[in-house]
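So the mapping is simple: our numbering equals the position in the sequence shown, first residue as 1, plus 1350.
Worth flagging that the hints you see were computed from the coordinates, not collected in a lab.
All values derive from a computational prediction rather than experimental measurement.
Possibly wrong hints are sitting among the right ones.
Said to hold, decoys possible - Straight-line distance between alpha carbons at most 30 angstroms, and here's what the computed DSSO-like set of lysine-lysine pairs gives:
hint, residue 1, residue 2
1, Lys1410, Lys1395
2, Lys1395, Lys1405
3, Lys1408, Lys1395
Unchecked claim - Computed Cβ-Cβ distance ranges for the label pairs, DEER-style:
hint, residue 1, residue 2, range
4, Ser1352, Lys1405, 20 to 28 angstroms
5, Gln1390, Gly1438, 15 to 23 angstroms
6, Ser1352, Pro1391, 30 to 38 angstroms
7, Ser1374, Gly1471, 19 to 27 angstroms
Cβ atoms here follow ideal geometry from the backbone N, Cα and C, with glycine treated the same way.
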Amino acid sequence: MSWQAYVDTSLIGTGHVDKAAIISVAGDSVWATSAEFALQPAELKAIAAIVTGDKAAKDKAFADGLYIAGTRYVVARAEDRSIYARSGRNGVAIAKTTQAIVVGHHGEAQVAGSTTQTVEGLADYLIGAGY
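Using the sequences and the hints, build the whole thing.
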């Protein structure tokens, strides 16, 4: 399956995610994305730094927020491989695999927990497949 197919089918296709992207774990490239979900280079770097264990980046995100596709999100949790953040009734769930980072966005129509399960589930699958 192509990276774009994972975004279209395994994330957006579930109905639990309304926008999504898969980026490199280095934070230097976008492998696949949905329409109107343009992650900027600085955003990619910040996401990658947090999920790879950069404490300063994590502290900065908690203090200043995390920008995703130009929108500021308040970080609710940042764990070993995952970030959960909200902006009003919208939110993002982010999970790192060995080689990639899965980013899923939910709008008001989706449930945050379902978005998280979908993103984490795809990340677990990709880890199992060697990615």
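Comparing the hints with the structure gives:
1. Lys1410 / Lys1395: Satisfied, since the Cα-Cα distance of roughly 13 angstroms is no more than 30 angstroms.
2. Lys1395 / Lys1405: Given pair Lys1395, Lys1405 holds - Cα atoms ~14 angstroms apart, limit 30 angstroms.
3. Lys1408 / Lys1395: Distance of about 12 angstroms is within 30 angstroms: holds.
4. Ser1352 / Lys1405: 20 to 28 angstroms: 35 angstroms, violated
5. Gln1390 / Gly1438: 15 to 23 angstroms: 20 angstroms, holds
6. Ser1352 / Pro1391: 30 to 38 angstroms: With Cβ atoms ~23 angstroms apart, the hint is violated.
7. Ser1374 / Gly1471: 19 to 27 angstroms: 20 angstroms, holds
Hint compliance for this structure: hints 4 and 6 are not met, and every other hint is.
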